[in-house]
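Visitor: For this one, chain A is given, so just place chains B, C and D on it according to the hints.
4 protein chains.
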Amino acid sequence: MYNFRNDYSESAHPDVLAAVCATAGAHVTGYGADEYCARCADLIREQCACPRADVQFMVGGTQANFTAVAAFLRPWEAVICARSGHLNGHEGGAVEAAGHKLLLARTGPDGKLTPAHVLPIVEEGGNDHVTLPRLVYVSDATETGGVYTKAELTALSECCRANGLYLFLDGARLAAAFGSGENDLTLPDLARLCDVFYIGGTKNGALMGEALVIVNPQLQPYFFRVKKQRGAVLAKGWLLGVQFDALLRGGLYWELGRNSTAMAQRLQAGLAGLGVPMLSPSPSNQIFPLVPDGLLPALDRLCTYEFWSKPDAHHTAVRLVTSFATTQADVDGFLAQLQKVLQRPELG
Amino acid sequence: MYNFRNDYSESAHPDVLAAVCATAGAHVTGYGADEYCARCADLIREQCACPRADVQFMVGGTQANFTAVAAFLRPWEAVICARSGHLNGHEGGAVEAAGHKLLLARTGPDGKLTPAHVLPIVEEGGNDHVTLPRLVYVSDATETGGVYTKAELTALSECCRANGLYLFLDGARLAAAFGSGENDLTLPDLARLCDVFYIGGTKNGALMGEALVIVNPQLQPYFFRVKKQRGAVLAKGWLLGVQFDALLRGGLYWELGRNSTAMAQRLQAGLAGLGVPMLSPSPSNQIFPLVPDGLLPALDRLCTYEFWSKPDAHHTAVRLVTSFATTQADVDGFLAQLQKVLQRPELG
Amino acid sequence: MYNFRNDYSESAHPDVLAAVCATAGAHVTGYGADEYCARCADLIREQCACPRADVQFMVGGTQANFTAVAAFLRPWEAVICARSGHLNGHEGGAVEAAGHKLLLARTGPDGKLTPAHVLPIVEEGGNDHVTLPRLVYVSDATETGGVYTKAELTALSECCRANGLYLFLDGARLAAAFGSGENDLTLPDLARLCDVFYIGGTKNGALMGEALVIVNPQLQPYFFRVKKQRGAVLAKGWLLGVQFDALLRGGLYWELGRNSTAMAQRLQAGLAGLGVPMLSPSPSNQIFPLVPDGLLPALDRLCTYEFWSKPDAHHTAVRLVTSFATTQADVDGFLAQLQKVLQRPELG
Amino acid sequence: MYNFRNDYSESAHPDVLAAVCATAGAHVTGYGADEYCARCADLIREQCACPRADVQFMVGGTQANFTAVAAFLRPWEAVICARSGHLNGHEGGAVEAAGHKLLLARTGPDGKLTPAHVLPIVEEGGNDHVTLPRLVYVSDATETGGVYTKAELTALSECCRANGLYLFLDGARLAAAFGSGENDLTLPDLARLCDVFYIGGTKNGALMGEALVIVNPQLQPYFFRVKKQRGAVLAKGWLLGVQFDALLRGGLYWELGRNSTAMAQRLQAGLAGLGVPMLSPSPSNQIFPLVPDGLLPALDRLCTYEFWSKPDAHHTAVRLVTSFATTQADVDGFLAQLQKVLQRPELG
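From first to last, the protein sequence lines stand for chains A, B, C and D.
Under our numbering, think of the first position of the first sequence as 1, with each following residue one higher.
Under our numbering, think of the first position of the second sequence as 1, with each following residue one higher.
Under our numbering, think of the first position of the third sequence as 1, with each following residue one higher.
Under our numbering, think of the first position of the fourth sequence as 1, with each following residue one higher.
Do not take every clue at face value.
Because identical chains share one entry, a pair is satisfied inside a single copy or across any pair of copies.
As the list claims (entries may be wrong) - Taking lysine to any residue pairs in the SDA-like style, the calculated list, with each CA pair at most 25 Å apart, reads:
(1) K340 x A329
(2) K340 x G275
(3) K310 x G30
(4) K310 x L43
Quick caveat, the hints were computed from the structure, so don't treat them as lab data.
Extracted from the complex, chain A is given alone in its bound form (with noise of 0.2 Å):
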């Protein structure tokens, strides 16, 4: 059985085990005030290019993402954020939860926002007995798999800095991201055009956990207090700065998110070369394949994966996720054997 079912449903990468076994015995300051996170925040912030930056580690994307709307935003601010952004359609209605709404945006089918979609909605937002639209979210990769390039998000920066909106990049999957020929961004761009954004352990290696990077001096102030009071504290904090450290100091983490991406370019040419189109292209490490109805149970005795959607009555579109750890044996074992089931007659 081959596992495509997504990028965290695996260990962690053997580094990250040992990073964390090396502590054994340790006597480590609470709260994340310990060397481990002092040096690793250090390390961030120069791998930024911002030595101004808060760094604060996070232990996963949901909690990242509402805990840091709730310490930006006052009561009236909204937020910005295409429909199939994983704010609006995976977290439970945590945003709302934190009291803040979300302005939606229609986005074409790779899931990024453009000037095009933040600006009729700031204009919305004129009207005193509306939110007022505060804090633009996108994620890199997107939910789709679609990947920023420079100019997009400077576009978006420039636009969100014209309009005073917060620009807060999701980078749960931006070692994908970074790791997809489509690239062109470095850390030191996403300090330099966004507020905030964030880099993703969770889904590249880690046991858990996100480095939220906080660029814009006026959101630092007493963050840590709305940490604390959404439960985002973790008392071992050294266990997100030890993790974040094996991954970035040699640069494990981009070599992780190199091969996630490689894999499923792989696996989305070997489809198409099956003749198994895909819903939509995807340029990072996740592919969303369209099968025929008819392929489902074979497909199910070959891998995990997870229902996407159903654009027409005969076809089923479906994701497939690479990680850190899949190979290339993976990969190719698992196109001869779908292979093999397409050249049975009854799929024909």
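Guide: Only chains B, C and D this time, still in chain A's reference frame:
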């Protein structure tokens, strides 16, 4: 430097680390819907003699506390807790941020709530212009080290049931409480007397984690959705199941708790022998010596600890906490060095 | 200057003012626990043929809407409403500020929700990682003047009951809806088909006030406490009972609603006669003429109105609203003056 | 039956009712954007000698209190108030429902906060694991009738400014306070010493309404949006401007307050003359006689009042409140009848 700052300022127990590392290379379903969590939840139900309990693994204590309150209470309902309760004094207003009022009782120095504290608050709550008391929050051990007896918890439980109140026991330091000579409670007792409680891992040898046991079937439906909404669902949720299994299956958990408390008691007795009184005596793993202010510089060099209170102009109460990793050599070594300090004429 | 801006930009009906003034010198119990409110609530129960309804007088519509949602829903539960619903577009994020997500449906131009809008949202809500749809919010008349028929509301009610959804009808413009030729609903129908609804006073001749009728007994307990908590309990609550009694006891309420709608219909027909089409026709007291942009300066001099939308480069849709106080002379006078304007060659 | 239950259990003052009725037939812009409110806001700014104040008319006290807290504070910020404060004991958890913690101080029987109450709470708030005290809530008069002097409010104001705290004065009973012989404050003093305060109408002759005066310019932006979001924007907002104009323009407001307090003081002196002591003396319009329990049945027949507390086994403290409408004949008549009751041998 001896380490008595707290019971989560050490890495995890080696057996826990080994269990985590044993997952290397494994493919596991996300969000706690995995075999490790399922088996560990079965184990906990069995050890609690409560086959219908819903076991929910949470990452930390603040998260467990406010998520539970958010899930269980209606907007007009409030929480009764000791003024010294963790919920009130250490969690950044997490319960209020979830919309609920704390109704505070002034307990004695042991921090234990009794029906005599609860009943007047219930009576005030009869007025339609105030919130309705609905959940009683206690912790065992308390913030000041107090340990509930079976008689005390039974009285409180009966009071709660007679007054339509849920009884919620925060067991962040349950192992230390159960390791105390004053304890006569068992897990099945908790499951019988409480509506919900948790078995704390963070402060007893885990990397992180609290196992929430929801006994009252009315409180079980849809808990996962609130957990998700509050950022409390760990993508690699198996990490919690693996650790609790390592702690609970063979009894290691209770052994570690007994060590924590035994070491604190040895320390408390040793200090008494040296003429250092306690602010009030504690039967579990946190003790509160009352030291002359002149001794503080020497103490700072000898060990880590926390400032507790300033009961008079010449003395300071400090908190010393022992952990699963504290050894008899640590305690005796510290006491020996302190004795030397105390023999100096200027502190006489 | 003719006044078509809205139906609450006039003082109250003289009978309402007289009833309020008749209380001069009276001693009345506070917070709505008075005889006026008690008698008026009885009257409403009788007129709704619903002896067990709980009647709660609220000050305004936004307040009624979000207080009800706060009182009725659990944190993981969400509201289904039309994208054009008042709850979504005009209330400053009130429902989200109370912690709940709105799940939006794109309806047709009449703004009416049908089971076909509701069912896909229910299906998406089956996923444990999102909010659970629990309450369907409709208004009669809708924001675009649409009026529900008995068949339509019955179908929606059955869909709600089959899917565990509460049906909540915002009746801020109920009088205008019931005054429409398209209406065949009665108060007893609402009480039979909805879980909760309100009879709007603010937009039909009262100084302020909405009479919330909570039919479903599960939603009744402790409503007063949430009302208090959200600042919705008026100290001199009798003021609401007095006004609704003046409006409802002798049928004045329905007479005023019939006038509002008849005047709007006369206006709509008159405009059609002058060659002014509607964005879409409305059967109640708000109409939406599509005017050439060149006509706007003249319209600005003739009457008050609200901008509605800009459907193309050369036309603007405006909203004209009639009220309890609009007279036939107002409508005919306006139409006559508009006709003169339209006869000018430069607008030909 | 004499009416001493409270100061809002009467209809409005005849001049207020007349002013409201004078609007019959008028067309007025909605939501408070009308001429009545504009002129009255100018009047208030003038009477406060504070040309830059933002005046926001609110419907009631709970609404004014929690909306202000929601608008002014960030999620990690908390409110300091007296344990006996209205915000804590009478508002159904409204502030907590808006997400903020109350930090309670135990004041003396007059309910007045001093720097000595505030400073220890500020010090505790320095810890990053708790909420940050940010707003001090006082009311003048207090819940127990206490009246702030200029020296007291100045000391509190200086303490607030030195510690980064906003000072918020709830003036629901401001007229009664200013009508007291102990008062030496003026509206310009409040505007100088407070960041925000309100002039209460509900308890001083209006149908409803509190005029919130936001002095601190940092607190002014976007207040309307929060007001809308919390259901506090009255569609017919002119209703509030009209009433406050009737009360404030010619000084009626202060005359009514002087009457309330004078009548309570006459009652307090009369009761003392009859040998009935006070729980503690009050200088404003609420008094707290301590009556033998045997007298309660007779008191029940003589007047309305509220139970206050049970200080010992044989006495009950009750609250008697006088209002704008209480007359000397009411007070003297009541005292005369009480005297007769007291002369009966069985109460001797």
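Visitor: Run every hint past the structure and note whether it holds.
Guide: Cross-check of the supplied hints:
1. K340 x A329: Result: close within a single copy only, 16 Å intra versus 66 Å inter.
2. K340 x G275: For K340 and G275, only the intra-copy Cα distance (13 Å) is at most 25 Å; the inter-copy one is 69 Å.
3. K310 x G30: Close across copies (24 Å), not inside one copy (48 Å); limit 25 Å.
4. K310 x L43: Neither way: K310 and L43 sit 45 Å apart in one copy and 40 Å across, limit 25 Å.
The earlier numbered hint that this structure contradicts is number 4, and it is the only one.
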